[in-house]
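Visitor: In the order they appear, the protein sequences are chains X and S. Going by my numbering, the residue at position 88 of the first sequence is 88; the numbering climbs one at a time, nothing skipped. Going by my numbering, the residue at position 167 of the second sequence is 167; the numbering climbs one at a time, nothing skipped.
These aren't lab readings, by the way, just hints derived from the structure by calculation. A hint or two may mislead.
Partial selection, computed: residues in chain S whose CB lies under 7 Å from chain X [stated by the list, open to error]:
#1 R151
#2 D154
#3 R155
#4 S197
In silico SDA-like links for lysine to any residue, alpha-carbon gap of 20 Å or less [as the list claims (entries may be wrong)]:
#5 S/K112 with S/I166
#6 S/K170 with X/R243
#7 S/K170 with X/G261
#8 S/K163 with X/I241
#9 S/K163 with X/N67
#10 S/K163 with X/G248
#11 S/K12 with X/G266
Note that beta-carbon positions come from the ideal geometry of N, C-alpha and C, so glycine has one too.
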Amino acid sequence: MAKEKNNQNDFIVDVSNARKSSEIIYEINSTLSMPDAQNKNICLKLGSVNLSASELQSIRALVECMNSKLKFICTDSADTIVAANELNIKISEIPNKLKGGKEKTSAELEKALDKIFGDDYFDAGDYEYDEKPVTRLEMEDSAETPEEKISEKTSEKPSDKPAAKEKSADKPATDDSVIIMPPPAISLEDEVIKAIEGREKDEYRRTKNEPSFVFDDNGNDITEEVRQGILATEKLQTLYIQRNIRSGQSVRYDGNIVVIGSAHPGCEIVASGDITVWGILGGIAHAGAALEDEEYNRYARVRALKMNAIQLRIADVFARRPDSVNLPYIQKSESFIPEEASIKNSRIIIQKLYEE
Amino acid sequence: MTGRVIVITSGKGGVGKTTSNANIGTALAKSGKKVVMIDTDLGLRNLDLLLGLENRIVYTIVDVVEERCKLKQALVKDKKNPNLCLLAAAQTRDKTAITDEQLKDICKKLQKDFDYVLIDCPAGIEQGFQNAIAGASEAIVVTTPEMSAVRDADRIIGLLEAKEEIESYKLLINRVRPKLIKANEMMSVEDVVEILSAELIGIIPEDTGIVSSTNKGEPIVNDEKSLAGKAFHNVAKRISGDNVPFLDLEQETSVLTKVKKLVKTVVDKVRKESK
Chain X
1 MAKEKNNQND FIVDVSNARK SSEIIYEINS TLSMPDAQNK NICLKLGSVN
51 LSASELQSIR ALVECMNSKL KFICTDSADT IVAANELNIK ISEIPNKLKG
101 GKEKTSAELE KALDKIFGDD YFDAGDYEYD EKPVTRLEME DSAETPEEKI
151 SEKTSEKPSD KPAAKEKSAD KPATDDSVII MPPPAISLED EVIKAIEGRE
201 KDEYRRTKNE PSFVFDDNGN DITEEVRQGI LATEKLQTLY IQRNIRSGQS
251 VRYDGNIVVI GSAHPGCEIV ASGDITVWGI LGGIAHAGAA LEDEEYNRYA
301 RVRALKMNAI QLRIADVFAR RPDSVNLPYI QKSESFIPEE ASIKNSRIII
351 QKLYEE
Chain S
1 MTGRVIVITS GKGGVGKTTS NANIGTALAK SGKKVVMIDT DLGLRNLDLL
51 LGLENRIVYT IVDVVEERCK LKQALVKDKK NPNLCLLAAA QTRDKTAITD
101 EQLKDICKKL QKDFDYVLID CPAGIEQGFQ NAIAGASEAI VVTTPEMSAV
151 RDADRIIGLL EAKEEIESYK LLINRVRPKL IKANEMMSVE DVVEILSAEL
201 IGIIPEDTGI VSSTNKGEPI VNDEKSLAGK AFHNVAKRIS GDNVPFLDLE
251 QETSVLTKVK KLVKTVVDKV RKESK
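Chain X on its own, in the form it takes in the complex (with noise of 0.2 Å):
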């Protein structure tokens, strides 16, 4: 990759190397940091790598997250290009051999899609750090998924805000009062304490929490189908277990599973509706599976004091542990974040239940 200074303020950016969307937000990530490529208007050269609207928009807001501004690109690809007008990205002047290239019909850049993120079973990917705190039943998140893949890269870091400032990525950069502050969450600790007293937990969301809206994607209205998805799963029969489930254990139960105690490695969780772990979550989590040939169920939810589970799945989605955190020593109780993993356009997402 190389990378030169043209104007004063200006800055390109070749990862035309690149092969894959992930590959490039690296390589910008890496560059970006560097002090003197703070404050510039950056020209990235993109190659032939065909990347979505959302793809390109959360390259933008990588970058303005670098203190940078997206100036404009330039591409061999015509998907790149589709998808740059849509988000109203200068393309660069330089001439490119498909820039005359036919627009491409959304099913095909849904193919082109499911390409990078196609949801594997056996390629499963990470989970995803979101930095926002769940908010009950409101999820604005149809233009938010998949271009969080960002999330995993720098997330992970606390410095960086790439989920909070994505919502902004459409506007302008340097106008922070666009950014949705998070309503109030609720802890777990009343959740679970209410669960266990045998209160109707739904009741509690529904004061606490309007919903607002969801879209699919096809941009249609589903924030009731939502939120009478999540209402269904929360009134399924609940399992309590008042012990730590141990490597090589097992937990199958037809709706949902309530662990007070810590799931260790090895061990296995398997229920129709939420999974909730009062403790360290380090095994395998399978919340909204399909048991006894029901259907399985995308409304359903895991949550942990502490999320470290080797893999999350729920219902037909799947995603393993990063990497990055497979330390053999992680596993301890010093800093408990309450999280929820749950599925935000086929894909795990995991967020804190509340801020400290």
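Please arrange chain S on chain X, whose structure you already have, making use of the hints.
Guide: The following block gives chain S in isolation, referenced to the frame of chain X:
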């Protein structure tokens, strides 16, 4: 008199089950308790080697089970300590030669005559393991500060928890190397305890003396200078109910460091007085 039946197990092999068994047994016997050790590792017996009793074995546990001899005839007395006995495993048979019920019976009989019945468990979770834990009411899970050993210990604890007869289990962490822990290259004792969430009964430091003691057939608890020996003595004391603090493994032994420490304490004293 009903003695306590304690199984020493680990899941993973090579973490020091047999060594722990030999040393804890010897230490308990040294404190005046009557101890019998049962080797249930049929076909791969080692406990007799560690105790240096290999040449004295006439009958084994399989002979007892198949009624070729009486139980008392099969007990091998230790060379030095008459309080210590061994019921050896058969080297020529495999784990299927005895059943869990038969071992339960043997434990019940031995309980009447001994304060402690220590069962040496084979590695794995198959028939041999099931046999070994059958008669026990307590367990000591041996592990080393390695991820594989800890994971296997976790599995074993899960199996022990599921067994109603096992009233309590304790954790013995073997082959601890304080220097590596300090350099952050080894899991610390706290890490292991945290991961397994089990009660600790002892921390044994890595000791090169173990190798020669094994080869000599003399448990390291007989060596009064050895740190590992001291640690095993402490484990024995804890088993018999004494509250003994855990050893400080970071004992500096070289002369230079001792001198340095001395100078430091003197300087500190002088400073305090001058203030």
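Visitor: Each of the hints needs a verdict: does it hold here or not?
Guide: Comparing the hints with the structure gives:
1. For the restraint placing S/R151 at the interface with chain X, the shortest Cβ-Cβ distance is roughly 6 Å, inside the 7 Å limit, so the hint holds.
2. Below 7 Å, beta-carbon pairs count as interface contacts, and S/D154 has one with chain X at about 4 Å; its hint therefore holds.
3. Taking 7 Å as the C-beta cut-off, the interface hint given for S/R155 holds, the closest approach to chain X being about 4 Å.
4. Interface restraint check: S/S197 against chain X, minimum CB-CB distance 6 Å, threshold 7 Å, status holds.
5. Annotation: proposed proximity of S/K112 to S/I166 holds, straight-line Cα distance about 19 Å (limit 20 Å).
6. Taken as a hint, the S/K170 and X/R243 pair is honoured in the structure, with Cα atoms around 17 Å apart against an allowance of 20 Å.
7. Taking the CA atoms of S/K170 and X/G261, the gap is about 19 Å. The hint holds against a cut of 20 Å.
8. Using a Cα cut-off of 20 Å, the hinted pair S/K163 and X/I241 holds, with the two alpha carbons roughly 17 Å apart.
9. With a C-alpha separation of about 60 Å, the suggested pair S/K163 and X/N67 falls outside the 20 Å cut-off, and the hint is violated.
10. Between S/K163 and X/G248, the direct Cα distance comes to roughly 15 Å. Compliance with the 20 Å bound is thereby established for this hinted pair.
11. The suggested pairing of S/K12 with X/G266 holds, with an alpha-carbon distance near 15 Å, which does not exceed 20 Å.
Of the numbered hints stated above, the single one contradicted by the structure is hint 9.
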